[in-house]
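*Asks:* Respectively, the protein sequence lines represent chains U and H.
Its first residue numbered 8, the first sequence is counted upward by one per residue in my numbering.
Its first residue numbered 19, the second sequence is counted upward by one per residue in my numbering.
No lab work stands behind these hints: they were computed from the structure.
Think of the CB as a built atom: it goes at the ideal place given N, C-alpha and C, for glycine as much as any other residue.
One should not assume that every hint holds.
To be verified - A short, non-exhaustive set of chain H residues, derived as facing chain U with CB atoms under 7 Å:
{"hint": "1", "residue": "Val95"}
{"hint": "2", "residue": "Arg99"}
{"hint": "3", "residue": "Lys109"}
{"hint": "4", "residue": "Ala151"}
{"hint": "5", "residue": "Glu215"}
{"hint": "6", "residue": "Thr231"}
{"hint": "7", "residue": "Val232"}
{"hint": "8", "residue": "Val235"}
{"hint": "9", "residue": "Thr238"}
{"hint": "10", "residue": "Asp239"}
{"hint": "11", "residue": "Val242"}
{"hint": "12", "residue": "Gln265"}
As the list claims (entries may be wrong) - Counterexamples of contact, computed for chain H against chain U with all Cβ distances above 10 Å:
{"hint": "13", "residue": "Gly67"}
{"hint": "14", "residue": "Phe137"}
{"hint": "15", "residue": "Arg146"}
{"hint": "16", "residue": "Leu241"}
{"hint": "17", "residue": "Leu317"}
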Amino acid sequence: MSSTTTATAAPPVPPATTPSTPAVPPAPSLRQRLRAGVAGTPGTLRVTGVTVAVFAILFGILGSYAVGERSAGIEQARDEAAQIVRLQEVRTNLVAADAAATNAFLVGGLEPTAARESYEDGIETASRTLAAAAAESDGSDPEALAEVNQGIATYTGLVEAARANNRQGFPVGVAYLKQASTLLRDEALPRLRDVTAASAGRVDDGYDRSESSGALLLGTACLTILAALCAQAVLFVRTRRVFSIPLTAAIGVVVLASFLAAAGMAYAQSKASDVRNGPYAQALGLSQARIDGFDAKSAESLTLISRGSGEVFETRFVEKAEAATTSLRNLRETPAIDELTAYLAVHGQVRALEEAGDWDGAVALATGSDPNGSNATFAAFDATSGDQLAAEAETLRDELAEARAPLGILRLALLVAGLVAAALAWQAFAIRLREYR
Amino acid sequence: MNRPLTALLGLLLVAGAACSSSDPTEFPDATETTTTTAAPAQTGEVDCGNPVASYEPLPALPRPGAMPAGSKMAEIVERGRLVVGVSADTKLFGARNPFTGRIEGFDIDILREVSRDLFGDPDRIEYRVITYADRLPALEEGRVDLVAHTMTINCVRWERIAFSSEYFHAGQKILVRSDSTATSIEEMDGERVCAAEGSTNIENIAAYDNVTTVGQVDLTDCLVLFQQGAVDAITGDDTVLAGFAAQDPYAKVIGENFTEEPYGIGVSREHPELVRFVNAVLERVRSDGTWQEIYGRWLGDLGPAPAPPPPVYGRQP
Numbered sequence: 008m009s010s011t012t013t014a015t016a017a018p019p020v021p022p023a024t025t026p027s028t029p030a031v032p033p034a035p036s037l038r039q040r041l042r043a044g045v046a047g048t049p050g051t052l053r054v055t056g057v058t059v060a061v062f063a064i065l066f067g068i069l070g071s072y073a074v075g076e077r078s079a080g081i082e083q084a085r086d087e088a089a090q091i092v093r094l095q096e097v098r099t100n101l102v103a104a105d106a107a108a109t110n111a112f113l114v115g116g117l118e119p120t121a122a123r124e125s126y127e128d129g130i131e132t133a134s135r136t137l138a139a140a141a142a143e144s145d146g147s148d149p150e151a152l153a154e155v156n157q158g159i160a161t162y163t164g165l166v167e168a169a170r171a172n173n174r175q176g177f178p179v180g181v182a183y184l185k186q187a188s189t190l191l192r193d194e195a196l197p198r199l200r201d202v203t204a205a206s207a208g209r210v211d212d213g214y215d216r217s218e219s220s221g222a223l224l225l226g227t228a229c230l231t232i233l234a235a236l237c238a239q240a241v242l243f244v245r246t247r248r249v250f251s252i253p254l255t256a257a258i259g260v261v262v263l264a265s266f267l268a269a270a271g272m273a274y275a276q277s278k279a280s281d282v283r284n285g286p287y288a289q290a291l292g293l294s295q296a297r298i299d300g301f302d303a304k305s306a307e308s309l310t311l312i313s314r315g316s317g318e319v320f321e322t323r324f325v326e327k328a329e330a331a332t333t334s335l336r337n338l339r340e341t342p343a344i345d346e347l348t349a350y351l352a353v354h355g356q357v358r359a360l361e362e363a364g365d366w367d368g369a370v371a372l373a374t375g376s377d378p379n380g381s382n383a384t385f386a387a388f389d390a391t392s393g394d395q396l397a398a399e400a401e402t403l404r405d406e407l408a409e410a411r412a413p414l415g416i417l418r419l420a421l422l423v424a425g426l427v428a429a430a431l432a433w434q435a436f437a438i439r440l441r442e443y444r
Numbered sequence: 019m020n021r022p023l024t025a026l027l028g029l030l031l032v033a034g035a036a037c038s039s040s041d042p043t044e045f046p047d048a049t050e051t052t053t054t055t056a057a058p059a060q061t062g063e064v065d066c067g068n069p070v071a072s073y074e075p076l077p078a079l080p081r082p083g084a085m086p087a088g089s090k091m092a093e094i095v096e097r098g099r100l101v102v103g104v105s106a107d108t109k110l111f112g113a114r115n116p117f118t119g120r121i122e123g124f125d126i127d128i129l130r131e132v133s134r135d136l137f138g139d140p141d142r143i144e145y146r147v148i149t150y151a152d153r154l155p156a157l158e159e160g161r162v163d164l165v166a167h168t169m170t171i172n173c174v175r176w177e178r179i180a181f182s183s184e185y186f187h188a189g190q191k192i193l194v195r196s197d198s199t200a201t202s203i204e205e206m207d208g209e210r211v212c213a214a215e216g217s218t219n220i221e222n223i224a225a226y227d228n229v230t231t232v233g234q235v236d237l238t239d240c241l242v243l244f245q246q247g248a249v250d251a252i253t254g255d256d257t258v259l260a261g262f263a264a265q266d267p268y269a270k271v272i273g274e275n276f277t278e279e280p281y282g283i284g285v286s287r288e289h290p291e292l293v294r295f296v297n298a299v300l301e302r303v304r305s306d307g308t309w310q311e312i313y314g315r316w317l318g319d320l321g322p323a324p325a326p327p328p329p330v331y332g333r334q335p
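Bound-form chain U, shown alone (with noise of 0.2 Å):
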């Protein structure tokens, strides 16, 4: 209908000096344009337009905000993952250098370069990836990643305590070294530990967040399609044309924007699926087995050091060689685990030498260079996981990018897809409208 036919208001009438003049009824009010506007057919046939192309443009907006949600998703499980991997490295690199630190004393004295280098090495890498993991923490963590910097200073300075009295000659030295041992196990690693776990649990509220938009995006559609529908049936009663084309055109837009979506949507949660069971677990296996490794190393020098009341430290390198074997184990490929064994089988014969007496002999195997002593099969075991677990890094962060990288267009193109569609809807009605004028 023209928009211009409106009902104008008469020019304002003067008294009426010759009352034969008739009476010009008053201007309508809105509510009477509006009841106006909504009677009769054409009124039924505006409202339907309407509706339709609401819908659609709704369609678009949330179509278009289920598909960001899909990709923010993926993003915080991304981000996330890889705080993750650089919060194991601090936790593998401080048992790495509790492990050196403690080897060394088993040697004695002066300790050997070899040793200081890879406990000064460890620090310093578990004190970088600890500045940058607690640059991209949120929440509670940066105040837990405070005190495990606190922890880690305190360990240093009871370290290099230890290792002035042992310069000295005192035994007070072994104390400290002790001490420091405790400090790290009982405050600084089970902090650590906390926050990989509510990191863990951000990285499945990520993925849970992705998944439930798919549903979004499918309950938008199916309503838009449905009010086309039902718009096509009201033209059908009040006009009896069978079908309009451009609503038929506005469903065939809503139709084919929901299904690139769908598609879209569908490859990148498969794919984030696939890194979540692929290098995600591997990376998580791994780290896990390299931090249990390097403890059950640490072990072993303090049973050796302990000399006979050494069992408590036994036990405890039982059971981290054991975590550390089921991780491997449980990996689809079982990355590093000969490596390990073969480490494990030497410190099989570390023990027997020192249950048959041989203490000095069995010092020498666990300190020595050896190739075939325990810090050679040890070095050996974490080159190979050490490199397996960068390559399933880097894997884990590019492929879930990649998995991202078409939901951006499609956010757009589902945007423009709902105005077109609202533009058709209205399109159509506008051709039926025309009619009444």
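Position chain H relative to chain U; hints supplied.
*Replies:* Okay, now just chain H, sitting in the frame of chain U:
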């Protein structure tokens, strides 16, 4: 710091020699023992006669390698090594030398003499480092043959294990910061005193209510806490404390002996012939100058070697 300590040590050695027949386990409040440790009461009112009296020694030392058949010594020689429980962090008595990695000290040298008389070689020893609390269980469970671990002879312990004759006379004292004005435990109100769990030392100070007792698994852990300011004093045998003072120039040993602490080598009660053998070894060590030599090597800084504590016999297994 050394001269008063030397004087005190010399004095108590003479006193110990003169009155070794008196009951050395008397101390101010010989009432119910402490509840600060889980270990069973180590001192208290148990009568066993003269605690330092041990079994008669073997009349003559058997030739090394030719021990009487069926005796524990023959079993040890058969095995090829003597298994002993020692400390690895008690400087001067049993401590690991970080430069050589070997455990050495007064107690260790006494054990090496036993090995010399068993095998002809002083180094056929397997050392098992044990805590204070583990000294008696290690013997009772047969994990070690002998224990030489600054272990005080007293009647309560005689209920569970056997002792050789006395090979060293020590006394319990207190170690405080070098700037402390206290001269005895009574002047240390409100301070925290650290001791080893499972030792007679920790029970002896439980009677003093004016101080707080802090127990640690190893006495050396006490030194760490002391250096960090977490405790104000450490109590232990004056010999061990002398070792601490040697490691920390800001510590000094004060006061009279709380108690007399005669040291003996611990042996399982099931092997009285081994006790007799060890007593015979100790007789040799006292008479051929070895004791003085060992004393000079480890405690020479405290002055010339005194006479070794005379043995007392007469106990029946």
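*Asks:* What hints, given by number in increasing order, does this structure fail?
*Replies:* Of the numbered hints, 1, 4, 5, 6, 7, 8, 15 and 16 do not hold.
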